[in-house]
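Asker: Could you put the whole structure together from the sequences, leaning on the hints where they help?
Now for the letters of each chain:
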Amino acid sequence: MTTRDRLTYFIYHHRTGLSVWTLALVLSLFPFYYDNPYILGITNLVAINVIVVLGLNLFIGYAGQISLGHAAFFGLGAYGSAIFTVYYHVWPWPAMALSALLVALTALVIGVPVLRLSGHYLAMATLGFNIVIYSVLVQWDEVTGGPSGFAGIPPLSIGSLLINDEFRFHYVVWGVVLVLCTLSLNLVRSGVGRGLAALAVDERVAGSLGVNSAREKVKVFILSAVFASLAGSLYAHCFCFVNPDTFGIFASLDFVIMVVVGGMGSIWGSLLGAGLLTVLPEFLDTFESVKDIIHGLILVLILLFLPQGFITGLLDLIRTNLALRRRKNVKA
Amino acid sequence: MLKLNNISKRFGGLPALSEVTFYVTKGKITALIGPNGAGKSTLINCISGIIPADQGSILFEEKEISGLQAHEIARRGVARTFQNLRVLPRLSVLENVLCGLTVKSDHSFLKAMLRLPALRHQERFLRLKAMESLDLFGLTKKADWPMAALPYGDKKKVEMARAFVANPGIVLLDEPVAGLNSEETARIGVLVKQMRTAGHTMLLVEHDMELVMDISDHVVVLDSGRCIAQGTPEEIRHNPLVLEAYLGKIGAAA
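For the record, the sequence lines run as chains X and U. Note that the first sequence covers residues 1 to 332 in this note's numbering. Note that the second sequence covers residues 1 to 254 in this note's numbering.
Since the hints were derived computationally from the structure, they do not count as laboratory data. Keep in mind that this is a model prediction, so the values were computed, not measured. One should not assume that every hint holds.
Each computed DSS-like pair below joins lysine-lysine, with the alpha-carbon atoms no more than 27 Å apart [to be verified]:
(1) X:219 <-> U:104
(2) U:141 <-> U:129
(3) U:63 <-> U:26
(4) U:111 <-> X:219
(5) X:328 <-> U:141
(6) U:28 <-> U:129
(7) U:26 <-> U:129
(8) U:193 <-> U:104
(9) U:111 <-> U:129
(10) U:26 <-> U:193
(11) U:155 <-> X:328
(12) U:104 <-> U:63
Heads up, incomplete: computed chain U residues facing chain X, CB under 8 Å, no partners named [unchecked claim]:
(13) 48
(14) 50
(15) 70
(16) 75
(17) 80
(18) 98
(19) 100
(20) 102
(21) 107
(22) 112
(23) 113
(24) 114
(25) 115
(26) 145
(27) 146
(28) 149
Ideal Cβ placement from N, Cα and C applies to all residues, glycine included.
Answerer: If you want it as structure tokens, here you go:
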């Protein structure tokens with residue numbers, strides 16, 4: 001083995017870890033090149049969406065389920081943090097954990113009956129759940145502030161350092177993204193992840209491989225709900241203000257589009273999907289009124305031409321072609 | 001090893017299986033044959049717990065498994081392949097075989113997410129096992145290929161490697177050579193015999209009579225959900241009831 005071979009092998013063997021560290025390095029230097037608060041504000045919003053999409057991708061992309069209601073968990077996380085910090089004067093970090101715990105319980109209660117459904121029925125049930133939560137946020141105005149929103153949420157702090165500007169928040173939110181990204185990558189590369197992949201093909205196959213489908217589905221649903229809840233809490237503390245419209249069914253739909261655009265079952269794709277769909281409206285602000293139409297169009301185009309999603313579809317094409325070429329070489 | 005006692009299953013009013021009784025001996029290949037609609041697939045599905053049997057008992061290693069859920073049965077050591085190929089198209093060949101080891105791996109999300117050293121060790125061990133299994137099926141060189149790039153015959157082999165990798169007590173092979181040409185069929189036949197030599201117990205559902213007569217030790221014949229005959233391949237070949245089931249009454253007379 002030459003040194004070069006060894007290096008190639010090292011890179012190949014540790015490709016996942018190296019990618020995460022490279023991403024960490026880029027992200028930690030990013031604010032020094034772009035210290036414009038407007039840009040950092042957008043990238044922070046990207047990070048928040050990435051967190052939701054990571055979880056949702058585990059549920060949709062890996063386990064092959066569908067949810068049109070994750071904006072509800074996002075909202076519950078945000079309002080949970082708001083209510084705990086403002087009414088009960090809990091510190092932001094414990095409030096975040098407490099909200100995540102409550103969301104996990106909600107996901108358990110919703111998930112057990114609802115995940116017996118599949119396909120369109122599951123989509124409708126989760127959509128219904130989202131509408132219920134949205135109505136509660138709008139109607140219960142003594143607690144949630146109603147349609148005008150909930151203001152005065154305190155920012156996060158680390159020790160005595162207040163995380164009250166875009167620059168500081170960048171490090172917090174992307175730090176959370178990196179941690180959750182690593183956790184997700186570990187999960188999908190484990191036996192549990194392979195069980196989820198089997199679940200996506202066929203529940204009978206999963207069963208024959210010793211995977212308890214009903215249970216694993218609920219577990220991954222809860223996990224994705226907790227991711228959404230954490231994102232919601234970060235959102236609340238970032239803007240110090242929340243409004244029910246952020247958590248309606250169109251937000252849920254956008255999350256699903258982010259998963260599909262980025263790539264079903266691709267952790268890295270989640271970053272791309274969330275990034276693209278969050279930044280896009282900034283360039284298309286003259287089309288603000290037709291935003292949902294544009295998002296729908298993107299979804300239709302991707303599903304028509306790369307049904308596995310952008311990153312996944314492309315990667316699959318490249319991998320298959322490479323292997324096919326090798327197959328020809330082996331034969332010749 | 002596997003004992004089926006009076007298994008019955010009805011779909012609506014239609015009896016799919018009635019009082020099927022037979023044993024599968026350890027270390028042998030038992031073949032299950034019968035004309036289309038005889039209930040072979042239903043029986044396999046009953047054993048692996050995908051559909052529950054209405055009546056009767058299934059003893060696996062002296063323990064009752066009927067009434068258990070599919071994943072519980074799999075975890076006790078009943079592995080299977082599927083008639084219409086069920087592989088994971090997005091994963092690599094090696095990862096597909098690794099899927100067969102989920103029966104052995106830990107199911108804790110938390111442990112998987114933290115990827116502690118213990119789990120890393122386990123994962124490395126599982127990879128070695130999967131590579132061994134791939135080696136048996138002659139697929140070592142294609143370990144990192146995506147499933148989509150494999151020809152159909154190799155995909156069937158991957159599915160078999162997945163079924164055998166966890167060293168299960170019994171493997172149910174549901175039509176392993178359906179859709180393969182005679183050359184590939186012969187190769188699968190050799191592989192199945194190899195697995196028997198290695199000590200594996202198999203229940204084989206197959207339409208290819210040549211293969212069945214060649215490799216099996218014991219043959220069970222189903223017709224319209226009833227077990228009409230069983231014996232060695234030689235006995236079955238000359239059994240008038242079997243000829244009748246396959247060829248009709250006149251064929252049997254001639």
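Asker: Against each hint, give a clear statement of whether it holds in the structure.
Answerer: Checked hints:
1. Restraint check: the Cα-Cα separation between residue 219 (chain X) and residue 104 (chain U) comes to about 19 Å, which is no more than 27 Å; the hinted pair holds.
2. Between residue 141 (chain U) and residue 129 (chain U) the alpha-carbon distance is near 15 Å, which keeps this suggested pair within the 27 Å criterion.
3. For the given pair, residue 63 (chain U) sits about 15 Å from residue 26 (chain U) by alpha-carbon distance, which is consistent with the 27 Å threshold.
4. Using a Cα cut-off of 27 Å, the hinted pair residue 111 (chain U) and residue 219 (chain X) holds, with the two alpha carbons roughly 13 Å apart.
5. Taking the CA atoms of residue 328 (chain X) and residue 141 (chain U), the gap is near 14 Å; set against the 27 Å cutoff, the hint holds.
6. Restraint check: the Cα-Cα separation between residue 28 (chain U) and residue 129 (chain U) comes to about 23 Å, which is no more than 27 Å; the hinted pair holds.
7. Under the criterion of a C-alpha separation no larger than 27 Å, the hint pairing residue 26 (chain U) with residue 129 (chain U) is consistent with the structure, at around 23 Å.
8. With a C-alpha separation of about 25 Å, the suggested pair residue 193 (chain U) and residue 104 (chain U) falls inside the 27 Å cut-off, and the hint holds.
9. About 21 Å separates the Cα atoms of residue 111 (chain U) and residue 129 (chain U), which keeps this hinted pair within 27 Å; it holds.
10. The hinted pair formed by residue 26 (chain U) and residue 193 (chain U) meets the criterion: a straight-line CA distance of about 14 Å does not exceed 27 Å.
11. Restraint check: the Cα-Cα separation between residue 155 (chain U) and residue 328 (chain X) comes to about 17 Å, which is no more than 27 Å; the hinted pair holds.
12. Annotation: proposed proximity of residue 104 (chain U) to residue 63 (chain U) holds, straight-line Cα distance about 20 Å (limit 27 Å).
13. Hint on residue 48 (chain U) holds. Least Cβ distance to chain X is approximately 6 Å, under the 8 Å limit.
14. With 8 Å as the threshold, the beta carbon of residue 50 (chain U) comes within range of chain X, its nearest partner Cβ sitting at about 5 Å, so the hint holds.
15. Interface hint status for residue 70 (chain U): upheld, as the beta-carbon distance to the closest one in chain X is roughly 3 Å, under 8 Å.
16. Of the supplied interface hints, the one on residue 75 (chain U) holds, with its beta-carbon coming within about 4 Å of a beta-carbon of chain X, less than 8 Å.
17. Hint status for residue 80 (chain U): holds, given a least beta-carbon distance of 5 Å to chain X, under 8 Å.
18. The interface hint given for residue 98 (chain U) is met, as the beta carbon of that residue sits about 6 Å from the closest beta carbon of chain X, less than 8 Å.
19. For residue 100 (chain U), the interface hint holds, since its Cβ comes within 8 Å of a Cβ in chain X; the closest pair sits about 7 Å apart.
20. Of the supplied interface hints, the one on residue 102 (chain U) holds, with its beta-carbon coming within about 5 Å of a beta-carbon of chain X, less than 8 Å.
21. A hinted interface residue such as residue 107 (chain U) counts as satisfied when its beta carbon comes closer than 8 Å to some beta carbon of chain X; here the least separation is about 6 Å, so the hint holds.
22. Satisfaction of the interface hint for residue 112 (chain U) is found here, the shortest Cβ-Cβ separation to chain X being roughly 4 Å, below the 8 Å cut-off.
23. Because the beta carbon of residue 113 (chain U) sits about 4 Å from the nearest beta carbon in chain X, less than 8 Å, this interface hint is met.
24. Hint status for residue 114 (chain U): holds, given a least beta-carbon distance of 7 Å to chain X, under 8 Å.
25. Taking 8 Å as the C-beta cut-off, the interface hint given for residue 115 (chain U) holds, the closest approach to chain X being about 4 Å.
26. With a least beta-carbon distance of about 4 Å to chain X, the hint placing residue 145 (chain U) at the interface is held under the 8 Å criterion.
27. The beta carbon of residue 146 (chain U) is positioned within 8 Å of a beta carbon in chain X (closest approach about 5 Å), and the interface hint is therefore held.
28. For residue 149 (chain U), the interface hint holds, since its Cβ comes within 8 Å of a Cβ in chain X; the closest pair sits about 3 Å apart.
Going down the numbered hints, you'll see the structure goes against none, and every one checks out.
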